[in-house]
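Participant: Sequence:
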Amino acid sequence: MSEMLPSDKLAIIDSFPVPLCQPVRNHRATIFKGLADIGYNASKHLWFYGFKVHMLVTLSGYILNYVVTPASVHDIKVVYELLEGCKQSVILGDLGYLSSELKKYLEQEGYHLWMPFRKNMTGAEEHNNWKVMAMRRTIETRFSELCRLFDIEHTLARSLAGLQLRMEQIILAHNLRYFEMN
1 MSEMLPSDKL
11 AIIDSFPVPL
21 CQPVRNHRAT
31 IFKGLADIGY
41 NASKHLWFYG
51 FKVHMLVTLS
61 GYILNYVVTP
71 ASVHDIKVVY
81 ELLEGCKQSV
91 ILGDLGYLSS
101 ELKKYLEQEG
111 YHLWMPFRKN
121 MTGAEEHNNW
131 KVMAMRRTIE
141 TRFSELCRLF
151 DIEHTLARSL
161 AGLQLRMEQI
171 ILAHNLRYFE
181 MN
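Read in the UniProt record's numbering, the sequence shown has 171 at position 171, and its numbers run on one by one without any break.
The calculated EDC-like cross-link candidates involving lysine to aspartate or glutamate, where the alpha carbons are at most 20 Å apart (straight line), are:
| no. | residue 1 | residue 2 |
| --- | --- | --- |
| 1 | K44 | E145 |
| 2 | K44 | D151 |
| 3 | K103 | E84 |
| 4 | K87 | E109 |
| 5 | K44 | E140 |
| 6 | K77 | E107 |
Simulated from the structure, these hints should not be mistaken for lab results.
Please read these numbers as outputs of a predicted model, since none were measured by experiment.
Using the sequences and the hints, build the whole thing.
Facilitator: Written out as structure tokens, the structure is:
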């Protein structure tokens with residue numbers, strides 16, 4: 001099986017929200033009380049109650065690892081756990097992973113973390129190469145597929161075991177589909 005896994009030298013890291021209720025009910029929600037909480041999704045400009053799923057995906061689309069956290073956990077705090085056992089040495093992230101401390105730590109561990117610069121940062125135009133930015137879209141495409149094919153953002157789980165089972169089923173189905181297509 002390991003010889004069938006993609007040998008990409010590049011991995012992409014990102015997260016997406018799993019809201020458990022409509023935003024109007026954020027402060028009244030009781031499901032997963034003590035586990036889920038309120039977080040903000042900057043790309044959707046949305047406060048939500050629920051979880052965040054952080055994923056590590058190869059350039060060809062194979063999901064290597066995932067971590068589910070409460071919605072308020074920042075992306076940077078999950079990187080260490082997400083990269084455990086990762087054989088890819090170059091990691092592409094988004095602006096949520098912009099941290100000089102994280103970059104230095106990962107370089108000591110043998111990883112090269114690339115993330116786009118903000119537009120007002122010096123050297124942003126040279127650094128934010130359109131080809132690399134296009135590679136980052138791979139993970140957004142995977143998230144779209146997971147939503148379209150498996151409705152991953154609406155799990156309808158009512159227990160922690162149910163949520164874990166649903167996530168595992170979706171990722172297994174996606175990765176089996178990956179082998180079918182490649």
